[in-house]
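Engineer: Protein sequences, first through last, are from chains C and R. Note that the numbering used here has the first sequence beginning at 10, numbered continuously upward. Note that the numbering used here has the second sequence beginning at 299, numbered continuously upward.
These are computed hints drawn from the structure, not numbers from a lab. There's no promise every hint is true.
[Claimed, not checked] Here are some, though not all, of the chain R residues that point toward chain C, as calculated from beta-carbon distances under 7 Å: (1) Ile-302; (2) Ala-313; (3) Thr-339; (4) Leu-360; (5) Ser-530; (6) Gly-533; (7) Ala-554; (8) Pro-558; (9) Pro-787.
Beta carbons: idealized from backbone N, C-alpha and C, even for Gly.
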Amino acid sequence: MNVFRDSRPAAAAAPSARPTPPPSLRQRLTELRGPGIRPRALDARALAALAANPGCRRRALLDGAGVDKGALAQALGSPAGHGQSRFALARGNSFEARVKADGGAELLRLLHARLPSGTPAPEEGEVAAPDLAAAGPEGRAARTALALREATAAGGWTLLDHPLLAVEVAGSPAYVEPDAVVVRPDGVWTVVEIKSFPMIDGAADAAKVGAAARQAAVYVHGLEGVAAQVTAHGERPARVGDRVLLVCPQDFSNLPTAAAVDIRKQLATTRRQLARLTRVDEIAAALPPDTTFDLHLADDGRTATRPADELAAAVETVDAAYAPECLAACELAFHCRGRSRERGAVETLGRGVRGELGSLRTLDEVLAAAAERTADAAAAPADAPGHGAGPEHPAAPERAPEAPGAAPDDTDPALAALRRAARLRAEALGTAGPPVPVPRTAPGAEDPVCR
Amino acid sequence: MSLIETLARMEAAAAGAARPLTTVRHRHLSDRPLVCVPLTTAGEAGAPLGALVGTDRERPLLLTVAQPRDRDLRFAFLAELADAVLPYLDGFADTVGHEERKETDPESGKKVTVQAELCADAPQLIVPSTAGVAYMRLLGRSTRFRRTAEQDPEAPYPAPPHVPLLGRWLTHLGERARVPGSCLLLSMTELLTRHWATGQSALEDQHLGALLAWIDPPEGLSGRAAAERAESARGEDGMLHCPPAGPATDPAFDNALLAPAMARYDADVPGAAEELRELIGGQLRPTWDAVWRGYDLLRALPPGAHVVDRWKRDRWSYTAHRDRVRAGEPPQPKRDDAVTAARKLASRETAQAQLDAQEALDDPLVMAGRRLAGEAFAGEVTAVEESFSEGPRPMPRPLVTLRTADTPLLTDGARLHRPLPDGKAQSAVFVAYEDGAAGSLTVRLTGGMGRGKVPAPGSVPEPGETVCWTLFEHAPRGGPQLPEPEDTPWTHGGPPAAGPEGDAPDPMTPEDFL
Numbered sequence: 010m011n012v013f014r015d016s017r018p019a020a021a022a023a024p025s026a027r028p029t030p031p032p033s034l035r036q037r038l039t040e041l042r043g044p045g046i047r048p049r050a051l052d053a054r055a056l057a058a059l060a061a062n063p064g065c066r067r068r069a070l071l072d073g074a075g076v077d078k079g080a081l082a083q084a085l086g087s088p089a090g091h092g093q094s095r096f097a098l099a100r101g102n103s104f105e106a107r108v109k110a111d112g113g114a115e116l117l118r119l120l121h122a123r124l125p126s127g128t129p130a131p132e133e134g135e136v137a138a139p140d141l142a143a144a145g146p147e148g149r150a151a152r153t154a155l156a157l158r159e160a161t162a163a164g165g166w167t168l169l170d171h172p173l174l175a176v177e178v179a180g181s182p183a184y185v186e187p188d189a190v191v192v193r194p195d196g197v198w199t200v201v202e203i204k205s206f207p208m209i210d211g212a213a214d215a216a217k218v219g220a221a222a223r224q225a226a227v228y229v230h231g232l233e234g235v236a237a238q239v240t241a242h243g244e245r246p247a248r249v250g251d252r253v254l255l256v257c258p259q260d261f262s263n264l265p266t267a268a269a270v271d272i273r274k275q276l277a278t279t280r281r282q283l284a285r286l287t288r289v290d291e292i293a294a295a296l297p298p299d300t301t302f303d304l305h306l307a308d309d310g311r312t313a314t315r316p317a318d319e320l321a322a323a324v325e326t327v328d329a330a331y332a333p334e335c336l337a338a339c340e341l342a343f344h345c346r347g348r349s350r351e352r353g354a355v356e357t358l359g360r361g362v363r364g365e366l367g368s369l370r371t372l373d374e375v376l377a378a379a380a381e382r383t384a385d386a387a388a389a390p391a392d393a394p395g396h397g398a399g400p401e402h403p404a405a406p407e408r409a410p411e412a413p414g415a416a417p418d419d420t421d422p423a424l425a426a427l428r429r430a431a432r433l434r435a436e437a438l439g440t441a442g443p444p445v446p447v448p449r450t451a452p453g454a455e456d457p458v459c460r
Numbered sequence: 299m300s301l302i303e304t305l306a307r308m309e310a311a312a313a314g315a316a317r318p319l320t321t322v323r324h325r326h327l328s329d330r331p332l333v334c335v336p337l338t339t340a341g342e343a344g345a346p347l348g349a350l351v352g353t354d355r356e357r358p359l360l361l362t363v364a365q366p367r368d369r370d371l372r373f374a375f376l377a378e379l380a381d382a383v384l385p386y387l388d389g390f391a392d393t394v395g396h397e398e399r400k401e402t403d404p405e406s407g408k409k410v411t412v413q414a415e416l417c418a419d420a421p422q423l424i425v426p427s428t429a430g431v432a433y434m435r436l437l438g439r440s441t442r443f444r445r446t447a448e449q450d451p452e453a454p455y456p457a458p459p460h461v462p463l464l465g466r467w468l469t470h471l472g473e474r475a476r477v478p479g480s481c482l483l484l485s486m487t488e489l490l491t492r493h494w495a496t497g498q499s500a501l502e503d504q505h506l507g508a509l510l511a512w513i514d515p516p517e518g519l520s521g522r523a524a525a526e527r528a529e530s531a532r533g534e535d536g537m538l539h540c541p542p543a544g545p546a547t548d549p550a551f552d553n554a555l556l557a558p559a560m561a562r563y564d565a566d567v568p569g570a571a572e573e574l575r576e577l578i579g580g581q582l583r584p585t586w587d588a589v590w591r592g593y594d595l596l597r598a599l600p601p602g603a604h605v606v607d608r609w610k611r612d613r614w615s616y617t618a619h620r621d622r623v624r625a626g627e628p629p630q631p632k633r634d635d636a637v638t639a640a641r642k643l644a645s646r647e648t649a650q651a652q653l654d655a656q657e658a659l660d661d662p663l664v665m666a667g668r669r670l671a672g673e674a675f676a677g678e679v680t681a682v683e684e685s686f687s688e689g690p691r692p693m694p695r696p697l698v699t700l701r702t703a704d705t706p707l708l709t710d711g712a713r714l715h716r717p718l719p720d721g722k723a724q725s726a727v728f729v730a731y732e733d734g735a736a737g738s739l740t741v742r743l744t745g746g747m748g749r750g751k752v753p754a755p756g757s758v759p760e761p762g763e764t765v766c767w768t769l770f771e772h773a774p775r776g777g778p779q780l781p782e783p784e785d786t787p788w789t790h791g792g793p794p795a796a797g798p799e800g801d802a803p804d805p806m807t808p809e810d811f812l
């Protein structure tokens, strides 16, 4: 679950200022954040995580408003375990610097080798590297768009180091920052993602590559908006490559190697999920009017003075869609998990669990439904004839007489399967005797697992 | 996750403690396993930070690397690790028995029976988590191509002796761990999750501390509270009470304690090396104890009947690798050739099918899951009717009618299997559902009754007996033979090149790149 640990945050360098949504919404989001609190920038990793769970209104709103979820979780008393090791950060930075050294000569050589386009490899000094520095994220995004347009019009090789792209998320714009974008002479823009996990014998960890691909898909999505404008207004068409270049250290060294990663699938997912995100203004409008996530920070700017239960009540005003996957991606996950467990939601055991349980939503409901049948089975002989005619026949007519007093929902196939499972489990545990008692090596020890 | 497991997890969540998923232990546990708890440096691929190794739970050997960016220190660590692990691995090589094995005679091409050596026991390496298994594989890959001064006097930066051999063994154990049911290299989290269902998700079960907290909650705490505490409770110094089981470290530990201590070591502050040793040991020890705790819990379960059979395959695997090392074969290639890869896949598929069948036969609780899935059914025999096969020599083919509450997914003429008391399987075919009586069906026995005109005693179930038929075979066999690697067809790249390029050692550069 430390998938994201050893790569550097994409927007680390981005100033945490935000663009300008419509005044009324902006006003509302400021209120939610608390007066005088600067909004946090949304990076591509957060976006990818948000897109992975588009049903979570809580995350959409908090991210949309730029609330510091880490600080919020801390104030709620369930701090996240997320963090980055300084070693990983240093390694990531030094590796990126090495890849981009000498005007990105090595990077372009890898790009040319892995994504051949028919154009000859760039000669030394032939690669343009425009300066993208500008004031504020809007300025940088505009500067990036201009540089992309000029590079496409010029028809040469251009390397954009840390460009800034705008992506619309739930109705409000967010800025994302790829490691690099390369413009080829044929007008194709390629996203370059530099990661510090190794590629050993040409293969990298699948989970990490997947995360990198989802992140790159956000960049490609952001670039496509710019490309459409450039194509509409420029003399030469621009196209965003649907294969990105993933640059990683080779084997156990610090030397770069690269692979082209096809991100069409991730791109389609990102587009669909971003489109599905409920608009932030709609979520904000549904809140009670005086809701705010302001932590009432003390003068040191770090200590929250607002009572945790008051904050928790504010957080509760907007629904979350907790699943165990959140633990790796969201700072609030421990808080949401605690709430979800208190409610006994079946999703706490995994997203897939709900599919088998039909209309049952909580553990208590499931266990009660399962127990009904077990009680029946205890009253009747365990091997009472069931209906043998093949798999689930929810409306099997011969079923009614054998389960007298069964609730009408007994025809629910999910319920029938659940009861059968409960009966089989109880029967197997019964024949095998009670579960083997667990021995204790250190009775009375505070906690044998940990110090 | 099957419905029966979901239900077990819900029971566990409601009860506040884990619930059994099995009634027996389905994995072999050695009397003297070697436990290894590795830690790695964040962000680096082949830079170990430390490890606790040993077979004695009271006296583990602590190995640490004070500065992972120093090649000499890394090599020293690997040499020490090899010194700790190789004697254990070699310790099983010389106690051998003999087994008969069919082999193809190279001259006549006939199958002949030969006597082959089989080691009486094999080593077992236990690591805390699946990430630990992957890390062992990674260490194997990073060391098996290294050259020692003895192998190649010209080699720049020669590796200490034994290190390449350690890499070959770790690679072998790592490859073997991909075979379902194998027990040469095990992860404690996988072992525990196979046998117990906790009240949390499979994702959260990857945390060894939390997993053990559910299975064996400390007095006065529910499994849930103990697991949440193990996951995230931090002391006043901001450090986790229960450090991660590795190989990744806790970032807070890296930033607050490890990095400053390393800086002191780099600045030659006296005592810095000892301080680092203590720090790393402090992160490792709780996990070490947790692994042994899990070992005790598992040892308390009675082993399943087929566990010994599977362990014998592990012994064959160990013996075969011992022979390859003794024969001086080169290290395992970076990439398998087409035939080897296909063989590995086929053997893993067979092992998976065998494991599934054997676990179900050994354990009524696992069989319950198969029955729920419609892959088996159990019931009481209500009638047995004598019947014979047609043909010149009629053989007994009795019809057995039984009543079951299960809902098997049967098609006409489906083959069925049932274990007989002597361990063999009896085959049968499904005939029909009985009209009139729900849940009643008839099968025709087709084997396991001996060669006589009368079925062997005890081979035909009596009315009133409870029997369990499965739709899956009890000893599934693999697919057809594959050609030898040198006969690889051109469709699969042809025979592999004589000197596989993958065997070249990783280039060593004067600059230490880590």
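Engineer: Take the hints in turn and mark each one as holding or not.
Structural biologist: Evaluated hints:
1. Ile-302: With a minimum Cβ separation of about 5 Å from chain C (threshold 7 Å), the hint on Ile-302 of chain R holds.
2. Ala-313: 10 Å, violated
3. Thr-339: Check passed: Cβ of Thr-339 of chain R comes within 6 Å of chain C, closer than 7 Å.
4. Leu-360: Violated: closest Cβ of chain C sits about 16 Å from Leu-360 of chain R, beyond 7 Å.
5. Ser-530: 6 Å, holds
6. Gly-533: 9 Å, violated
7. Ala-554: 10 Å, violated
8. Pro-558: 10 Å, violated
9. Pro-787: 24 Å, violated
Hint check: violations occur at hints 2, 4, 6, 7, 8 and 9; the rest are consistent with the structure.
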